[in-house]
Amino acid sequence: MGALQSIVPLFIYMNKFYIETKLNRDLKDDLIKLFTEHVAEKHIYSLMPLLLEAQSTPFQVTPSTMANIVKGLYTLRPEWVQMAPTLFSKFIPNILPPALESELSEYAAQDQKLQRELIQNGFMRGDQSRKRAGDELAYNSSSACAGSRGYR
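Residues 1 to 152 in the working numbering are what the sequence shown lists, from first letter to last.
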């Protein structure tokens with residue numbers, strides 16, 4: 001730990017007084033570029049199937065961990081979205097094209113499938129006693145509030 005306390009200030013000093021002023025670059029950007037080229041690009045093709053497999057089983061990887069990984073990959077190379085657009089769209093907004101009204105029934109079917117999978121994998125919904133049931137919602141004038149006396 002003692003070495004870290006010496007190295008960090010050294011790199012901060014080098015970045016501020018040499019790399020930024022003499023080379024007109026930033027050490028952080030250079031290190032991210034090197035990491036992307038020498039580590040991430042070499043492992044992305046083995047990492048992506050593992051991420052897809054982990055995502056297919058709910059809560060195999062915590063959502064916050066998965067979000068950090070996916071957002072980090074997107075930061076390194078946005079074009080990696082093409083490898084798994086559905087995976088990236090779960091954690092990064094506006095990745096997929098906008099929804100179409102003609103496909104609303106398909107979206108609803110996907111949501112129902114996800115809810116069934118969550119229940120099958122032991123995800124409990126919790127106390128639903130205070131929540132209104134969807135079939136009780138009717139868009140007519142005979143609501144519970146229509147007969148009550150209101151004050152203006």
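Do not rely on the hints blindly, as some may be mistaken.
With a Cα cut of at most 30 Å, we get these calculated DSSO-like pairs of lysine-lysine [claimed, not checked]:
#1 Lys90 / Lys71
#2 Lys28 / Lys16
#3 Lys90 / Lys131
#4 Lys28 / Lys71
#5 Lys90 / Lys33
#6 Lys71 / Lys42
#7 Lys16 / Lys90
#8 Lys71 / Lys131
#9 Lys28 / Lys113
#10 Lys42 / Lys90
#11 Lys33 / Lys22
#12 Lys131 / Lys113
#13 Lys42 / Lys28
These are computed hints drawn from the structure, not numbers from a lab.
Comparing the hints with the structure gives:
1. Lys90 / Lys71: The hint holds at about 10 Å.
2. Lys28 / Lys16: This hinted pair holds, its Cα atoms lying about 11 Å apart.
3. Lys90 / Lys131: Distance ~26 Å between lysine 90 and lysine 131 Cα, so the pair holds.
4. Lys28 / Lys71: holds, 18 Å
5. Lys90 / Lys33: holds, 26 Å
6. Lys71 / Lys42: holds, 18 Å
7. Lys16 / Lys90: Given pair lysine 16, lysine 90 is violated - Cα atoms ~38 Å apart, limit 30 Å.
8. Lys71 / Lys131: violated, 34 Å
9. Lys28 / Lys113: violated, 43 Å
10. Lys42 / Lys90: Cα-Cα ~24 Å, so holds.
11. Lys33 / Lys22: holds, 19 Å
12. Lys131 / Lys113: holds, 21 Å
13. Lys42 / Lys28: Holds. Lysine 42 to lysine 28 sits at ~20 Å (cutoff 30 Å).
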